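Protein sequences appear in the order of chains A and B.
Count along the first sequence starting at 1, add 85, and that's the number in my numbering.
Count along the second sequence starting at 1, add 14, and that's the number in my numbering.
Hints were generated in silico from the structure; no laboratory data involved.
Remember, predicted model here, so these are calculated numbers, not experimental data.
By construction, the Cβ of each residue, glycine as well, lies at the ideal position given by its N, Cα and C atoms.
Possibly wrong hints are sitting among the right ones.
[Claimed, not checked] Covered by chain A, according to a simulated footprint, are these stretches of chain B (three or more residues, beta-carbon under 8 Å):
(1) 359-370
(2) 376-383
(3) 389-402
[Claimed, not checked] Mimicking DSS-like on lysine-lysine, the simulated pairs with C-alpha atoms at most 30 Å apart in a straight line are:
(4) Lys-106(A) to Lys-77(B)
(5) Lys-165(A) to Lys-216(A)
(6) Lys-360(B) to Lys-228(A)
(7) Lys-106(A) to Lys-390(B)
(8) Lys-109(B) to Lys-77(B)
(9) Lys-390(B) to Lys-115(A)
(10) Lys-103(B) to Lys-77(B)
(11) Lys-115(A) to Lys-386(B)
(12) Lys-386(B) to Lys-228(A)
(13) Lys-360(B) to Lys-39(B)
(14) Lys-39(B) to Lys-228(A)
(15) Lys-360(B) to Lys-386(B)
(16) Lys-109(B) to Lys-106(A)
[What the hints assert, rightly or not] A few chain B residues that don't get close to chain A, going by computed Cβ distances all over 12 Å:
(17) His-36
(18) Gly-37
(19) Ser-61
(20) Ile-67
(21) Asn-70
(22) Arg-73
(23) Ala-125
(24) Asp-208
(25) Gly-210
(26) Gly-267
(27) Thr-283
(28) Glu-284
(29) Gly-292
(30) Tyr-327
(31) Glu-373
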Amino acid sequence: MALDDLYREIILDHYRSPRNKGQLPPPAHKVEGFNPLCGDEVILTVLVEEDKVVDVNFDGQGCSISQASASMMTAAVKGKTTAEAREFITAFKGLMSIHKESLDGDDPEAGEAQLRDDEIAVEDTVNPEIKLGDLAALQGVVKYPVRIKCAVLSWNTLVQSLDELAAESA
Amino acid sequence: MGVSFDVAQIKKDFPLLDQVVHGDKRLVYLDSANTSQKPQAVIDAMSGYYETINANVHRGTYKIAQDATEAMEGARADVARLIGATASKQLVFTKNATEAINLVARSWGGANLQSGDPVVLTMMEHHANIVPWHMLAAERGIELRWIPVTADGQLDLTGIDRLLDGAKFLSFTAMSNVLGTLNPVERLTTLARDAGAMSLVDASQYVPHMPTNVIDMGADFVAFTGHKMLGPTGIGCLWAKEETLEAMPPFLGGGEMILNVTTEGFTTTEIPWKFEAGTPPIAEIVGLGAAARYLESIGMEAIRQHEVELTGYALRTLNERFGDDLTIHGPAEPATRGGVMSIQYKDIHPHDLTQIMDENGVCLRAGHHCAKPLLKSMGANATARASLYLYNDEADVDALGDALEASGDFFSF
Numbered sequence: 086m087a088l089d090d091l092y093r094e095i096i097l098d099h100y101r102s103p104r105n106k107g108q109l110p111p112p113a114h115k116v117e118g119f120n121p122l123c124g125d126e127v128i129l130t131v132l133v134e135e136d137k138v139v140d141v142n143f144d145g146q147g148c149s150i151s152q153a154s155a156s157m158m159t160a161a162v163k164g165k166t167t168a169e170a171r172e173f174i175t176a177f178k179g180l181m182s183i184h185k186e187s188l189d190g191d192d193p194e195a196g197e198a199q200l201r202d203d204e205i206a207v208e209d210t211v212n213p214e215i216k217l218g219d220l221a222a223l224q225g226v227v228k229y230p231v232r233i234k235c236a237v238l239s240w241n242t243l244v245q246s247l248d249e250l251a252a253e254s255a
Numbered sequence: 015m016g017v018s019f020d021v022a023q024i025k026k027d028f029p030l031l032d033q034v035v036h037g038d039k040r041l042v043y044l045d046s047a048n049t050s051q052k053p054q055a056v057i058d059a060m061s062g063y064y065e066t067i068n069a070n071v072h073r074g075t076y077k078i079a080q081d082a083t084e085a086m087e088g089a090r091a092d093v094a095r096l097i098g099a100t101a102s103k104q105l106v107f108t109k110n111a112t113e114a115i116n117l118v119a120r121s122w123g124g125a126n127l128q129s130g131d132p133v134v135l136t137m138m139e140h141h142a143n144i145v146p147w148h149m150l151a152a153e154r155g156i157e158l159r160w161i162p163v164t165a166d167g168q169l170d171l172t173g174i175d176r177l178l179d180g181a182k183f184l185s186f187t188a189m190s191n192v193l194g195t196l197n198p199v200e201r202l203t204t205l206a207r208d209a210g211a212m213s214l215v216d217a218s219q220y221v222p223h224m225p226t227n228v229i230d231m232g233a234d235f236v237a238f239t240g241h242k243m244l245g246p247t248g249i250g251c252l253w254a255k256e257e258t259l260e261a262m263p264p265f266l267g268g269g270e271m272i273l274n275v276t277t278e279g280f281t282t283t284e285i286p287w288k289f290e291a292g293t294p295p296i297a298e299i300v301g302l303g304a305a306a307r308y309l310e311s312i313g314m315e316a317i318r319q320h321e322v323e324l325t326g327y328a329l330r331t332l333n334e335r336f337g338d339d340l341t342i343h344g345p346a347e348p349a350t351r352g353g354v355m356s357i358q359y360k361d362i363h364p365h366d367l368t369q370i371m372d373e374n375g376v377c378l379r380a381g382h383h384c385a386k387p388l389l390k391s392m393g394a395n396a397t398a399r400a401s402l403y404l405y406n407d408e409a410d411v412d413a414l415g416d417a418l419e420a421s422g423d424f425f426s427f
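Please work from the sequences and hints to get the whole structure.
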């Protein structure tokens, strides 16, 4: 069944048993993100010390894709420096880019419109050394363009959080 | 159902419905509250317009330009007749219901609402009937008041006198696009009038499904859209009485809406064209006229009766089949609601639910349905929504049940 590409076992596992779910107390930085498509929201609490993501939690309601993506993201960026985390985010957004994917005959222009909409175009600076690990399971999402918003919601929220933290410390 | 309503025959009028998706799944379209499908008569009217009489309206003196103008104004008369308007010029063509409501907020509201003036809305409005008023509130400080919704999805009118006290305007939906609730339109417009307030009815979900008489509704304005009533996208309507429209300043400025333009200024033309600046979407208007005639030929009473019966079948069979695993929001009694059913099933997120439904050929909308304040009051971020129309039958409802079961199996952890 084609749906197995979307709902890989590792995704369902993170959906059933989310990692780092909840909210860190202050001084962790708190940011809310919204998916305008469905009204889902994610609350990210990020604790950065000496330019390192010491801890990160996510909270809120969402579909299996958004929850699994958020869960995998927190597990992946915890312990990384903010620069490493940003590189990792870029790599993940590259994975979510449908430029690189064959859409099995889907209208390429529709894909591009989706991309512009989501601002998830691959940057030229993706570091090929970065290994996405479990997150590669989310690659099936690009075959369902409307669901890309679900997958990138927590990542965009993390970018916002890191930007705000950088602005604060500047 | 009598011989007057033959859903199998009606289905044949909608070419899109006759297809399979994802290999071998019959397409089951249950998203008509979002947009309806189009009968061949509408498609033919629009292509026929382009093939034979395409010309700009209200300008040319040649034959096809006159034919195009007549087709457009004939469509206005067809739609006016369907909704019980007493004159065609009471009907202003807009882009959609959203633009119709914005027209009222900008034109009437701009001329008549001052800082502190109360405007009353309900908690079950579509964003189209919220945001224009928020914009006026931000711009000139009008006060927004909200009629709450009860747990069973009805307007809570216990505090209505207080809410309408001093109000200048009441704007509300005739039928909820999330719950299917039919609101007491005449009662509300009477209460508004008695309180000295003007009123607008958002009839986007009502006109496509119910026998409509705008005079009986008693509102000052009625807004609705074409694409939910078998017509094309890009065309909607605002109804109001002549004296109301004549007293209002124009909305958009440009060609078509003027009597005279000089270097010093302009004078507007007569209604309804005063509110129709620029070249209108002529083919879409022609298509909407064909949709109105198609609905009229089936009969709105018969369509309503079909939908009450089918909604009753859906509520009964789905509740029997799924019990406590399934929540169908909104009123329980089919006669008090439309065929819009927001559902929640086994804690499966609506996005996941509708994804599995799609795999089974069943089209449902997932999301907040552009009614976030209502969803929040229901304690939900999103629901999956099935909505019925004249071309749906019991087999479609059964397919919905089968797809629900498939979703439950897929996400059975």
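Hint by hint, here is what the structure shows:
no. : hint                     : verdict
1   : 359-370                  : holds (count 6)
2   : 376-383                  : holds (count 3)
3   : 389-402                  : holds (count 3)
4   : Lys-106(A) to Lys-77(B)  : violated (70 Å)
5   : Lys-165(A) to Lys-216(A) : holds (13 Å)
6   : Lys-360(B) to Lys-228(A) : holds (26 Å)
7   : Lys-106(A) to Lys-390(B) : holds (22 Å)
8   : Lys-109(B) to Lys-77(B)  : holds (27 Å)
9   : Lys-390(B) to Lys-115(A) : holds (22 Å)
10  : Lys-103(B) to Lys-77(B)  : holds (24 Å)
11  : Lys-115(A) to Lys-386(B) : holds (23 Å)
12  : Lys-386(B) to Lys-228(A) : holds (28 Å)
13  : Lys-360(B) to Lys-39(B)  : holds (24 Å)
14  : Lys-39(B) to Lys-228(A)  : holds (19 Å)
15  : Lys-360(B) to Lys-386(B) : holds (22 Å)
16  : Lys-109(B) to Lys-106(A) : violated (45 Å)
17  : His-36                   : violated (8 Å)
18  : Gly-37                   : violated (9 Å)
19  : Ser-61                   : holds (23 Å)
20  : Ile-67                   : holds (32 Å)
21  : Asn-70                   : holds (30 Å)
22  : Arg-73                   : holds (35 Å)
23  : Ala-125                  : holds (33 Å)
24  : Asp-208                  : holds (37 Å)
25  : Gly-210                  : holds (36 Å)
26  : Gly-267                  : holds (31 Å)
27  : Thr-283                  : holds (38 Å)
28  : Glu-284                  : holds (41 Å)
29  : Gly-292                  : holds (26 Å)
30  : Tyr-327                  : holds (29 Å)
31  : Glu-373                  : violated (5 Å)
Hints 4, 16, 17, 18 and 31, counting from the list given before, are not met by this structure.
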